[in-house]
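**Student:** These are the residues of each chain, in order.
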Amino acid sequence: MNNAARRTRASSFLILALVTVAACSPGTLPDSPSLVTVGGGAARYNGTITTRRVAGNYSIVEGTQALSLSLTIRGTDQIQGRTDAAGNVGSLTGTITGNLASGSFQATLLITTPAQQGGVTTACEGRGDVTGTLAGLNLVLNATSVTYANCPGLTTSSQGQAVAVSPIPGSSPNRANVVISIIGGANVARATCAGGISGFPFTVEIAETNGINVTLDPTFIAEERRGGGGTTTSTLDLPFTELPGGTRRTYEVCTLTAGTYQAFISGTDGAGNRIRTASPVVTFN
Amino acid sequence: MMRLCAVWLCLGCLLLVPARSDAQIDDTTWGITGGVSPQWKMPGTILADLFDATTLDVKGPEFRIGVIRGTTNGGEWGVSLIHKRLSKESEFEIEGTNDTLTVVADDAEMIGLEVHKFFPFARPGRVQIGVNLGGGIAQLRGFVSGVQIGATSTNFSLPFPEAFVVARSEIDWLPIGRAELGVATLIGERLKIRVSGGFNMPGYQIVSLSFSYLLGQDR
Chain X
9 MNNAARRTRA SSFLILALVT VAACSPGTLP DSPSLVTVGG GAARYNGTIT
59 TRRVAGNYSI VEGTQALSLS LTIRGTDQIQ GRTDAAGNVG SLTGTITGNL
109 ASGSFQATLL ITTPAQQGGV TTACEGRGDV TGTLAGLNLV LNATSVTYAN
159 CPGLTTSSQG QAVAVSPIPG SSPNRANVVI SIIGGANVAR ATCAGGISGF
209 PFTVEIAETN GINVTLDPTF IAEERRGGGG TTTSTLDLPF TELPGGTRRT
259 YEVCTLTAGT YQAFISGTDG AGNRIRTASP VVTFN
Chain G
77 MMRLCAVWLC LGCLLLVPAR SDAQIDDTTW GITGGVSPQW KMPGTILADL
127 FDATTLDVKG PEFRIGVIRG TTNGGEWGVS LIHKRLSKES EFEIEGTNDT
177 LTVVADDAEM IGLEVHKFFP FARPGRVQIG VNLGGGIAQL RGFVSGVQIG
227 ATSTNFSLPF PEAFVVARSE IDWLPIGRAE LGVATLIGER LKIRVSGGFN
277 MPGYQIVSLS FSYLLGQDR
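Protein sequence lines, in the order shown, are assigned to chains X and G. Taking our numbering as reference, the numbering of the first sequence is continuous, increasing by one, and the terminal residue is 293. Taking our numbering as reference, the numbering of the second sequence is continuous, increasing by one, and the terminal residue is 295.
Hints are supplied without guarantee of correctness; some may be wrong.
Partner residues are not named here, just some residues of chain G that face chain X (Cβ under 7 Å, in silico) [as the list claims (entries may be wrong)]: (1) N174; (2) D175; (3) G222; (4) T230; (5) L234; (6) E238; (7) V241; (8) V242.
Below, in silico cross-link-like pairs of lysine to any residue (SDA-like), each with a Cα-Cα straight-line distance of 20 Å or less [to be verified]: (9) G:K164 - X:C201; (10) G:K117 - G:K164; (11) G:K193 - G:I108; (12) G:K135 - G:E185; (13) G:K193 - G:T261; (14) G:K135 - G:P251; (15) G:K117 - G:R161; (16) G:K193 - G:V143; (17) G:K135 - G:L123; (18) G:K164 - X:G203; (19) G:K164 - X:E260; (20) G:K164 - X:A202; (21) G:K135 - G:L285; (22) G:K164 - X:G204; (23) G:K135 - G:I122.
Don't read these hints as lab results, they were simulated from the structure. Even for Gly, the Cβ is constructed at its ideal location relative to N, Cα and C.
Chain G with its partners taken away, still in its complex shape (with noise of 0.2 Å):
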């Protein structure tokens, strides 16, 4: 609840900001973007098929760091460097042939490369609203413990990709992508502003905040 008056809020002071007269960069050019996820989670039991798991309970902060083109009033499209912590909460349950690995995160991160394009689709004065899709590819890195639990536990520091071979697998690389609903303003002519919220695959996020800076010559 908590969380949901937070993104109403940011919205609601997007909305609120004062436009302002300046001129804008109306040619498309290149800028930075840059942003964060406080908390992208993959669900319980909807992905876990996907990893070979019983149970999936992952979670940690997202960052990203990137160049985009696009213009002031349009859409933007980008690349970015996409790092996605684990927290030391996470945890997933593999099965294995004889015994369940009990896995937790102990340093564990995916590191990817992503390509993105925000697509506004209404434009209520300085503000925008629109999708915001993405897709790329994300190497898994670190370590994790797997633990397997029984009169006599046993526990194995594993790099993270090994996590999966006692389901005869081993998972180095993963697909990332999102699909978020965003609402961006225009902050002076060159910045915008953004929150979103919606899938980033595996899993999702409630909120995400992230900022584009257009590097064009103003007209």
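If we strip away everything but chain X, and leave its shape as in the complex, we get (with noise of 0.2 Å):
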């Protein structure tokens, strides 16, 4: 082969890739961006949550506020997330029933919310039950009953909707995220627990997210319902405090009987937010 023929071959194969990139470059993309779908392993809501007083001498924001949510789904069945309503921080931590593109989660809802009594403003932490189904983009979640331990009296109920913006959840610069899940699940089968007892043995892990140090109350919460009975609420010592951020720490436990486990974490992050987060709800069977 002459050198004329080389040059021609190589000036074909140079003018075929400049026309395959020019095709396939940005300028040459349909003007309207892909719908977002879901149902990977996160996303991110954009919505409204109408949250109602239902008892309590206490005056709050009543009606219709903006909701941002972010969900992430742990393990396979866990999800967490975190609302901002309004600047109302909270966490949501529970079990999930399919996927986000098409499911149900019920979960514990942590939210601190503002409410004034006698003209003095508290900052009130609620805790409440919340179901929630997912449908292609849509979240709709409901909370029957947020009561606040710290404002006796005062119950409230949330209703929200939201669409889904981002299969990326949304940051919270400046504001620790700390995640409790189970490792395994949240289902627990009985197997054999440290000393060769038979019990239902299951890991939890405490895990900040945001990269933000957080340093944890000296004491947390276990609530366990043993074989259908009631609840039983323990406050037990934390023997770490500290949980650098971006770190996790574990701990295992194991319980002999049948029932349900939940442990409540708090705690102050270095900005200064307090940071309140619970685990989903432990099932053995």
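Taking the hints as your guide, dock the two standalone chains into a single complex.
**Tutor:** Here it is in structure tokens:
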């Protein structure tokens, strides 16, 4: 093959390459972006939430407010979320049936709501059970009874709806994100605990995912229900109080009888924010 | 009883080592030292308050290596690296605000530096009888299991210093020290073997075996 023929062939390849690149360049993409699809491991939703005071001699901001909600699936059956409604930040932890595109969830909502009583504003720390449905891009949630331990008598209810706007959870700058999850799943089968005892062993993981240090409170709360009986609440010492940003700690639990377990942990992050979060309800069966 | 017999046997052997007439290093010189305590332990209740513990049963071997300066016939002082390993049977209980944390050593140890000096006060032949005093500081390292025992037991894997957090303290460093009665014998002109026993803070040891080897020139 002579030099002229080689040059011609090289030029042909170059032209072909340029045409191919041009065909795929951003300038040739369709004008409208593709629709957000939900079904992976996380999503960010924007919508509204309506909060009502059900009981209690407090006044709160009632009515409809903007809601921003980020959800992340952890493991196969656990869901962790962060809500922000007009600056009132909360955490949402629970279990999911199905997936983010088609499913339902049950979770515990921990939220801080400013409430006034006698001219004094208190940051009321509320807790309530939340149920929700997920269908396509749409999310609907319902918390029928949120009670506030430090604001006795106050009970609220909330209903929200939102639409997925991104498969990437929203960031929470200057605020730690502490996530409690159960390694291996929230449904625990009978097995052998340490020491060879028959029971329900599982591992709880506490992780900070936003790179901000957290000083945990020296105690945590474990709520248990054994054999279909009433709920037992135990305040236990937490043997570690430092959770550096981006790190995780674990502890192992063994209970001998069937029932449920849920842990509640609180602390203060490096930016001074009060952090409260719960584990999913662990079911022994 | 067996341990006591072993100690007396060791002491007897040291006294019976035949003396040699080699030249000895009488000028102060540098040397190396090392030693082992088969079992160092912290007694159950005496030191418990020091660690905010209710019970204490900590034990394990101790290893030492360091440099010394001394003479064949005289005493010696030195600096040694101390490694106290906690056996997996080591256990102590910390009274927290709401419950008791039972701490079991998984892979825990103390590593520190100690300055020590052996003062011989009697020299029958090639044997020295004296006291070994020392002091220093050690770092708590490794991991322990902290267990809250109840109908539901909770087991935390903790860095050793965090074992005391439930009592509102975190112990990273611990002062160490020793006050032992010892008998040493010269083997050749450079080597001393010493058997000792006594306080090895925080705790004590029944028997400890150590050697010193002087590196200086003979006279």
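**Student:** Does each hint fit the structure? Answer for all of them.
**Tutor:** Cross-check of the supplied hints:
{"no.": "1", "hint": "N174", "result": "holds, 5 Å"}
{"no.": "2", "hint": "D175", "result": "holds, 6 Å"}
{"no.": "3", "hint": "G222", "result": "holds, 5 Å"}
{"no.": "4", "hint": "T230", "result": "holds, 5 Å"}
{"no.": "5", "hint": "L234", "result": "holds, 6 Å"}
{"no.": "6", "hint": "E238", "result": "holds, 5 Å"}
{"no.": "7", "hint": "V241", "result": "holds, 5 Å"}
{"no.": "8", "hint": "V242", "result": "holds, 4 Å"}
{"no.": "9", "hint": "G:K164 - X:C201", "result": "holds, 19 Å"}
{"no.": "10", "hint": "G:K117 - G:K164", "result": "holds, 13 Å"}
{"no.": "11", "hint": "G:K193 - G:I108", "result": "holds, 13 Å"}
{"no.": "12", "hint": "G:K135 - G:E185", "result": "holds, 10 Å"}
{"no.": "13", "hint": "G:K193 - G:T261", "result": "holds, 16 Å"}
{"no.": "14", "hint": "G:K135 - G:P251", "result": "holds, 17 Å"}
{"no.": "15", "hint": "G:K117 - G:R161", "result": "holds, 10 Å"}
{"no.": "16", "hint": "G:K193 - G:V143", "result": "holds, 11 Å"}
{"no.": "17", "hint": "G:K135 - G:L123", "result": "holds, 13 Å"}
{"no.": "18", "hint": "G:K164 - X:G203", "result": "holds, 14 Å"}
{"no.": "19", "hint": "G:K164 - X:E260", "result": "holds, 19 Å"}
{"no.": "20", "hint": "G:K164 - X:A202", "result": "holds, 15 Å"}
{"no.": "21", "hint": "G:K135 - G:L285", "result": "holds, 17 Å"}
{"no.": "22", "hint": "G:K164 - X:G204", "result": "holds, 18 Å"}
{"no.": "23", "hint": "G:K135 - G:I122", "result": "holds, 14 Å"}
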